[in-house]
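Chemist: Here are the chains, one letter per residue:
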Amino acid sequence: MDPFSSPAPSNGSSGPSTEALMDQVKAQLAQAYAEEFLETVRSKCFSKCITKPGTGLSGSESSCISRCVERYIEATRIIGQALFNSPR
Amino acid sequence: MIINMLKTSHQLVHISHQEKQKAMVSEMVGKITNVCWDKCITSTPGSKFSSSESTCLTNCAQRYVDMSVLIMKRFQSMQ
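Protein chains in written order, with our numbering: chain W, 1 to 88; chain D, 101 to 179.
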């Protein structure tokens with residue numbers, strides 16, 4: 001039993017509808033990007049905020065990490081705008 | 101799953117091209133942010149960027165693209 005078939009495929013053939021497949025592809029891409037983004041943030045913020053690993057996260061290390069995550073998200077927004085909203 | 105996708109109509113291929121473009125854009129923004137963060141954010145992250153940090157990020161992204169264009173031109177002229 002094909003788990004992807006829909007009652008009225010748009011292309012007239014039997015099997016998974018193109019729309020359902022594309023939704024799945026988009027979801028998988030979004031997932032892959034989210035994972036890659038998180039890995040990048042972990043790496044950047046660890047190197048900026050945890051300079052001398054202790055036996056627990058200090059208050060200042062925790063605040064640094066929170067700010068770092070916000071700044072990295074903002075940096076991503078700035079880069080997106082620099083490339084697509086105000087080309088020279 | 102992939103074999104089913106290959107068997108589907110040309111309409112899927114057309115949609116895939118758009119999705120491929122979007123994916124390439126996301127990839128590029130991610131790569132440039134990664135590189136420019138290291139170049140521009142040299143101190144401990146604050147509660148907002150200084151104007152020199154945000155200017156640096158903008159300049160960095162645009163210069164990276166300029167560099168890519170130049171590299172392609174040089175590379176092609178050597179073919």
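The set of hints was computed from the structure by calculation and includes no laboratory data. Being a predicted model, the structure only gives us computed values, none of them experimental. Ideal Cβ placement from N, Cα and C applies to all residues, glycine included. There may be inaccurate statements among the hints.
[Said to hold, decoys possible] Facing chain D, according to a computed beta carbon distance under 10 Å, are these residues of chain W, among others:
#: 1; residue: M22
#: 2; residue: L29
#: 3; residue: E36
#: 4; residue: T40
#: 5; residue: R42
#: 6; residue: G54
#: 7; residue: G56
#: 8; residue: L57
#: 9; residue: G59
#: 10; residue: C64
#: 11; residue: T76
#: 12; residue: I78
#: 13; residue: Q81
Chemist: Against each hint, give a clear statement of whether it holds in the structure.
Modeler: Hint check:
About 5 Å separates the beta-carbon of M22/W from the nearest beta-carbon of chain D, less than 10 Å, and the hint is met. Interface restraint check: L29/W against chain D, minimum CB-CB distance 6 Å, threshold 10 Å, status holds. The beta carbon of E36/W is positioned within 10 Å of a beta carbon in chain D (closest approach about 7 Å), and the interface hint is therefore held. Evaluation of the T40/W hint against chain D yields a held restraint, the C-beta minimum of about 6 Å falling below 10 Å.
For R42/W, the shortest C-beta to C-beta distance to chain D is roughly 12 Å, which exceeds 10 Å, and the interface hint is violated. For the restraint placing G54/W at the interface with chain D, the shortest Cβ-Cβ distance is roughly 17 Å, beyond the 10 Å limit, so the hint is violated. The restraint placing G56/W at the interface with chain D is violated, with a minimum CB-CB distance near 19 Å, outside the 10 Å limit. The beta carbon of L57/W comes no nearer than 15 Å to any beta carbon in chain D, farther than 10 Å, and the hint placing it at the interface is violated.
Among the interface hints, the one on G59/W is violated; its C-beta lies about 14 Å from the nearest C-beta in chain D, farther than the 10 Å criterion. Annotation: interface hint on C64/W holds; nearest CB of chain D at approximately 6 Å, less than 10 Å. The beta carbon of T76/W is positioned within 10 Å of a beta carbon in chain D (closest approach about 5 Å), and the interface hint is therefore held. Below 10 Å, beta-carbon pairs count as interface contacts, and I78/W has one with chain D at about 5 Å; its hint therefore holds.
The beta carbon of Q81/W comes within 8 Å of a beta carbon in chain D, closer than 10 Å, and the hint placing it at the interface holds.
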